[in-house]
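Please build the complex by placing chain W on the supplied structure of chain P, with the hints as guidance.
So the sequence lines, in the order shown, correspond to chains P and W.
For the first sequence, our numbering gives the first residue as 22, with consecutive numbering after it.
For the second sequence, our numbering gives the first residue as 828, with consecutive numbering after it.
Just so you know, the hints here were simulated from the structure itself, not pulled from any lab data.
Positions of the beta carbon are idealized from the N, C-alpha and C atoms, including for glycine.
Take the hints with a grain of salt, since some may be wrong.
Stated by the list, open to error - A few chain W residues that face chain P, going by a derived Cβ cut-off under 7 angstroms, partial list only:
| hint | residue |
| --- | --- |
| 1 | I844 |
| 2 | F862 |
| 3 | A863 |
| 4 | M866 |
| 5 | S880 |
| 6 | I881 |
| 7 | D882 |
| 8 | M891 |
| 9 | P892 |
| 10 | L897 |
| 11 | L903 |
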Amino acid sequence: MQVPILPRVARGETNAIDECLDRYGGLIWSLACRLSPSTSDAEDAVQEIFVDLWRNADRFREDLGSEVTFVSILARRRLIDRQRKLRRNPEPQSIDETDVEYPTPIPSRQIELAEDGVRATACLEKLRQNEREVLELSIYHGLAQSRIAERTGVPLGTVKTLIRRALTQLRTCMQVGSRLHAEGGVQL
Amino acid sequence: MSIPGKPDADRWEELQITRLLFGLSLEEQAEYDEFAQKMPAETSEFFEQVVASIDVAWSDPKSMPLPEHLRETIRLRALKELTPQASLPGDKPTVASVVTVRSSRLPWVITAACMALTVLTIASTRPIGPVEEVSRDAAQLRAELISAAKDLVRVKWSDGPTPISGAEGDVVWSPSQQQGYMRFRGLAVNVPTVQQYQLWIFDKNQSDKTPIDGGVFDIISDQEVIIPIQAKLRVQEAYLFAITIEKPGGVVVSSRERLPLVATVN
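If we strip away everything but chain W, and leave its shape as in the complex, we get:
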C-alpha cells in the first residue's frame, strides 16, 4: 500500500476523532469505512487508546459505585446472554474449541439448558407467541402481494461468491407497490450482536457501486423465514438482489467480502 497523502491522513485523523468523541453521521461513517479499508489498520486504534486512557484517568469509580439493583440486573442478564449461540458459516468452532466449550462452559451450559427448559415449559402452556404471529403475518402479506401485484418480479436465490451450503429461497418484489419479501430456508442463524444480514438491491438506474440498501435482518430459524424488504430508496428497475453479512446494524457501503446469496432478475 502506498503512503497516504497528507490531505487523506488529515481527514482520516479528523474522522477518527469525530467518531470517538461525537459519533459520525451516516455520510461520515461511509467515508470512515472507505478510509478504514485503505489506511494501515493500526492507525485506527491510536486515538481510541489515548481517549480510553483519559477516560480511565478521569473516572471516579470509588465515589460512583454501580447501583445495587443495576448490578443484580446485569448479573442475571450475564447468565442469560452468555448462553452458547449459533454461528454463521466461517465462524464454525474447531474441534479444539468445541472441546473447550464443553468443558469450561459447563456451568453456564447447564444454567442455559435449565433456562431454556423453563422457557419451553412456559411456552408450551401459553398461546402462540408474538414471534410466530409476526412470521405468519409476513407469510400472509407475501401471499397477498403475489396474488395482487401484476408486475411482480420473482427470482430464486443462488449461490454468491461466498455461498452458504443448503441455503435456498426466493425474492418477490413489486415495482409499482415498492414492496417485496425475501424467503429463506437453510440460511444460517446469526447472532445479531456479532453480525447481521443485509440486502442490497441493484437498480438499472443506479451505479452498481451504490446499490440500494434493502434493510438489515436476522435469521432466527433454519426453517422457512420470510423477511419484508425495506428499501431505503425508490427502486425503479431491480436487476439483482444480493445478501451480504455485515457488522451489527449493517453498513452504508458494503465491502462485499461475505456475499452468500444473489438473485438475478432475467
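So that you can see chain P by itself, here it is in the shape it has in the complex:
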C-alpha cells in the first residue's frame, strides 16, 4: 500500500506537489477526458480538480478510506458539477446513439489498484449484463439517463431502476456501508 501524499501537501511540502501529480495526474486526466465534452474542457476541469485537491488535502483521513478513492471522489464531484452547468446552456447537437461506439472499460491491473478498486472490480463481475451495461454508460462514458435509454432501448424508468439496483448490489458487495458506519463516515 502506498504512503499517502495528501498529508504532506496539507503541510505545505512543495515536493509533494510533484509526487501528487505523478501519482494522480493520469487518474484525474483519464476521468476528465471521459466526462468532459472536449479536450479543452477536460484541461480546465483537471486544473480545477487539482486546486480542489490542494485546498482539501487536510481533509483526507487515512483511517476512513484510501487516498486514491478520496481523490476520485473530489474529481467526480467537480466533473459532474461542470457537466450540470454545461447542461444549463446546452448546445444544439444531433446524435444518433445507434452510430456511437461505447467500448467496454478495461479494468486496471490488480497490482496498480488500491484495495477499494480491487474490491470494486470483483463486485462488478457479479452484476448482470444489463446492470453492468448501464453502469458503464453512466459512470464510465458519462451519458445522461435519457441517452442511456435511447442507446439500450430500455425505458427511462427501467434505466433508473437498473442503475440503482446495480449500485445497491455493489454497495452491499463492497461492504462499504458497514465499514463506513463503523468508522463514522467519510470526512470530505
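Frame of chain P; chain W shown alone:
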C-alpha cells in the same frame, strides 16, 4: 432521529445516485439539501464511495498520462493557490495551527510573499486596475439610485444570530426599479472556494420559509465594499434583508446556521 420511512429512503437513494452520476437540477438540489439535513450523515457517503471505487477500477492512468504542458500549468498554479488565505470568523486558526502554518508552510509563505511583492510592484506602475473600477462604478450607481429613486428603502445592518464583530453598513433598495446595493465595512473577507456570502430578501408576499435569493457574493476587502443586489424574483415589499454564509455557489434553501447580518425595514 426517527428511522426514515421507505418512500423517503427510496427518494433519498435516488437523489444521491442522480447527484453522483448526472448532477441535480436546482429543484432536486433543494430536495437533496432538505433530505441531507434529516437523514443520517453516513448514508450520503455510501454510493459516493462505491462510484469512486469504480472510477478507480476503470481508470487507465498509465496509458493516459497528464499532458506535460498541463502538468506545468498545474504546478505553477499550485504555488499560487496554496498561499495563505483569509478566513471567516469561526474558522480562525488556533494558536497551535498558526504555529504549524508558520513552520511547515514557510517555503510556500516565502514564495507567496515574493509573488505578492511582484504583483504589488507591477500594480504600482500600472493604471488603476479593473477591480477598483468595478468598485467605483458600484459606488457611483448606488449614489445615483439614492438620488433618483423616490421609493428608496434604506436600512442599516445589525447583528444577526451569529454576528461578525465590527461589521457594519447598510442596504438601499428601490421597489419600483427592483435595484439595490449592499454596503459593508468590516465584514470578514471570505475564501470563495470555501464559503460565500448570500443575501436573502424577505418579502411580505412570500412565505418567510422561502425568502428571495438576493445573490451570492464575496467580500474582497475589510474596507468599504458595495455589492449590487441580484434578486432572483420580483421583490414586492421587502421587510427584512439577511446575510448568510453558505457553501461556494450558494444554496437554494438556507439552513440559516450562519446568519451574521440582518437589516429590518421599519
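Here's how the hints hold up against the structure:
1. I844: Holds - the Cβ of W/I844 comes within 7 angstroms of chain P, reaching about 6 angstroms at its closest.
2. F862: violated (16 angstroms)
3. A863: violated (13 angstroms)
4. M866: violated (12 angstroms)
5. S880: Status holds, d = 4 angstroms.
6. I881: holds (5 angstroms)
7. D882: holds (5 angstroms)
8. M891: Holds - the Cβ of W/M891 comes within 7 angstroms of chain P, reaching about 4 angstroms at its closest.
9. P892: holds (5 angstroms)
10. L897: holds (6 angstroms)
11. L903: violated (10 angstroms)
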